[in-house]
Amino acid sequence: MNERTPIGEAELRLALRGLRRDIEPARDLWPDIAARIGALPRQGASRRRHPWLLSLATAASLAAALGLAWQLRAPPATAPAMPAVASAPSLVEREADSLTVQYQAALRELDAHPVPANWQPGIEALDRSAAEIREALRAQPDSRLLLERLRATYTRRLALARRALYA
Amino acid sequence: MHTLLKLPVAIALACSALAPAWAATPIDQVRPLDPRGRVEIDNLKGRVEVRAWDRQEVRVTGSLGDGVEKLVIDGDRDELRIEVKYPNRSRNTEPTMLVVQVPLQAELEIETVSADIDVHGVAPRELSLQSVSGDIVANGAPRRASVESVSGDVNLTFNSSEVEASTVSGDLVVAGRLTGEASVETVSGDLRFDSRGERLRKFSAGSVSGNIAARLALAEAGEIRMESVSGDLGLDLPKDLSAEVSGESFSGDLSAPGAKIQREDFGPGSSFHQRYGDGKGEIRLETFSGDARLRLF
Chain A
1226 MNERTPIGEA
1236 ELRLALRGLR
1246 RDIEPARDLW
1256 PDIAARIGAL
1266 PRQGASRRRH
1276 PWLLSLATAA
1286 SLAAALGLAW
1296 QLRAPPATAP
1306 AMPAVASAPS
1316 LVEREADSLT
1326 VQYQAALREL
1336 DAHPVPANWQ
1346 PGIEALDRSA
1356 AEIREALRAQ
1366 PDSRLLLERL
1376 RATYTRRLAL
1386 ARRALYA
Chain B
5 MHTLLKLPVA
15 IALACSALAP
25 AWAATPIDQV
35 RPLDPRGRVE
45 IDNLKGRVEV
55 RAWDRQEVRV
65 TGSLGDGVEK
75 LVIDGDRDEL
85 RIEVKYPNRS
95 RNTEPTMLVV
105 QVPLQAELEI
115 ETVSADIDVH
125 GVAPRELSLQ
135 SVSGDIVANG
145 APRRASVESV
155 SGDVNLTFNS
165 SEVEASTVSG
175 DLVVAGRLTG
185 EASVETVSGD
195 LRFDSRGERL
205 RKFSAGSVSG
215 NIAARLALAE
225 AGEIRMESVS
235 GDLGLDLPKD
245 LSAEVSGESF
255 SGDLSAPGAK
265 IQREDFGPGS
275 SFHQRYGDGK
285 GEIRLETFSG
295 DARLRLF
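Protein chains in written order, with our numbering: chain A, 1226 to 1392; chain B, 5 to 301.
In case anyone wonders, no lab produced these hints; they're calculated from the structure.
A portion of the hints provided could be inaccurate.
Stated by the list, open to error - Far from chain A, by Cβ distances over 12 Å, these chain B residues were calculated:
| # | residue |
| --- | --- |
| 1 | I31 |
| 2 | L48 |
| 3 | W57 |
| 4 | D58 |
| 5 | Q278 |
| 6 | E290 |
As the list claims (entries may be wrong) - Rough simulated footprint, nothing fancy, chain B against chain A, three-plus residues with beta-carbon under 8 Å:
| # | segment |
| --- | --- |
| 7 | 1318–1326 |
| 8 | 1355–1369 |
| 9 | 1377–1385 |
For every residue, glycine included, the Cβ atom is placed at its ideal position computed from N, Cα and C.
Extracted from the complex, chain B is given alone in its bound form (with noise of 0.2 Å):
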């Protein structure tokens, strides 16, 4: 090709090559962290993505978003806070991706507004994942969770001996091997919890709005309490169940096996209690408008 020819078709090529830097700008950054260390990580919006590794360090990749700030990552190796500072008038920023791997034991703090968190693979003692808008996708093995999201959607799935987890609209599934305690709520967002056949110790699952799904199983003197406003209540647990179990409701219709379901002889209302087995265990189901069942499998 003729030498002038040529020039039109470099410049374009290196254009094209620039274009992604003007949009974001390319992250690459490691630090130092202790196995069974700390990293919070902040980011307004955009994407948060975390896996483990089993490096004592913390490689944080990705691109940062056209008009924001900069990225700050400081502490030591205790502890490493990652945070993408926006300027005060933060509105026509782009989003930035952070690709972020840590230690598979580093305990965990994520806050987000609108990125979405996804979060894969860490066995830390504690993790914590907080969004408004954003959805949070999460599996590993905490020792202890603390999910909350506003309106984004969240799905978790964890070995765990303890989980706190809620949304307002958005909705909610926590499955996985499940033991000890376990609360979900949800306002107005569907919920669903599935214990993959493990025994908690104790469960608590409430809502307004939102219709609760509950497949659990109860340990010896466990204790299950779901309530909500309108939204419907389901709850599976194995035939083997020893427990009492009641049930009230203002306007709803209550169900469970072999239970004579009791209704106010003036006005509204019902209720039932129902022993199973030794009746060790304690759950109560509660609603005003919504409907109640409890079934064994």
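Next up, chain A with everything else stripped away, as it sits in the complex (with noise of 0.2 Å):
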């Protein structure tokens, strides 16, 4: 019988992602998608009352046509109405936010335990180099490159950190 420890789910929750981000369209979408966009009213009052309503079935669109996981929730009620076609390029910075913000949350229950010192040098590489990557997502944060390396990354990390539950 599998028992279904918090840990197993944490990752569960990250091979999931993994899942979702192999289901790419069977073809480009987007210029589709760009010219409803496009169609929409800019700052008409029916979105103002539900901007979060139009950004998530927006998102959702292009998160099919990225071939991306989309985080279903709500935007900030505050953030401000997404342009037409620029919100493409944010997608991947969301995306690669709501990758941190799940993986953190893994990592939490699991460096929860002691790391033998020669696991570390391993370790420390792996947190730069996610360091290094949302860094560079801040430059560039429509990259696909990036996101996936930084979804492999994390990937690494909390296979490292689960293995040393048993070292």
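Need the complex rebuilt from these two chains, each delivered in its own frame; the hints are there to steer you.
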């Protein structure tokens, strides 16, 4: 019987995000989506009443187009209305932020246990690399390359922390 | 010499002969194994050496570190598991050295934490080597190889059709007559790949800050993908290359023979697209701030 542990759930969350990443659309959906976004009223009253709904729908469509996961949560109420086509880069950045939040939550559970000294060089290299990628994402927030590297680095870091539990 | 004078000498000689036994317990065990059987080896610290031989048996020699609970060898002719068992609080145990002779084509899986791994002359269908901080050196002709280290350096010389190898902070060298597919990754370690003139169907290499240097040939309609964040990429291919090559970088420098590098009018970013020969293969180089260079030889 597979017993569910908090650690298992944390890893599962990350694994699920990886699975969703692999679902690629059969064709490039972005031109259609961009056209629909362009046709939407920019500052309409209805949008002001429910800005999160439109943002969510737009983001969900973009997520499908890019093959990226989308965390089902509304943006902060104070978030500015998304400019029509310029919203694409921010999706990657949001995905990275969301991934980082989940990663940090998982890591808090795993890093509560002491890690042997000879594991430290690898752990520190991964932490430095994750910080470097996040910094790079601030300069190039629409980079799928950076998002993929960040995802891979987080996955390796969690795998190492998990393995250290049995060291 | 007088008997009384001989006694201290004899005691000293006896003590010196016993000294290694206090530090480590010698091992010498033999088990039968089918020529294509499977061997798993697990040793936390010390060293694991594997050598191929032409017998249908596995011989385990070496020395068990002081404080180690025991050496366990279990299984049958199809599959053997060799495990160094440590007590629960294993901080004060001494390293264990294992020298394992295996049938040439026996499948092999070795896992260590800080123990170095040294594999020589094997030709299994599957080879899997894993360490956290130990160095890995291996040569042979596995059909499929998977090698992973975290902070240890890895040096592989394989004749193989499918290789996956990765490190985090350790350097990675993969060379040999490599055909088929190869996937190599580091995080901050440097990576060097050389297929010794063999053509690969698919090659992928990635890093965050480690530099990557790859020298290989591409099979017809083959695919190469190399990417890094801040590490430099260098790709050397034969002049008869047939591929569509594209490169992209946010702030690194790009270069490829005959290619015109396009730069963004405003802000950072550069790219190129160049066709070589009939353009049958596909090559993509991408970095954030690292340089990327294609060279034809």
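Right, here's what the structure says about each hint:
no.	hint	in the structure
1	I31	24 Å, holds
2	L48	8 Å, violated
3	W57	32 Å, holds
4	D58	36 Å, holds
5	Q278	20 Å, holds
6	E290	5 Å, violated
7	1318–1326	violated (count 0)
8	1355–1369	holds (count 6)
9	1377–1385	holds (count 4)
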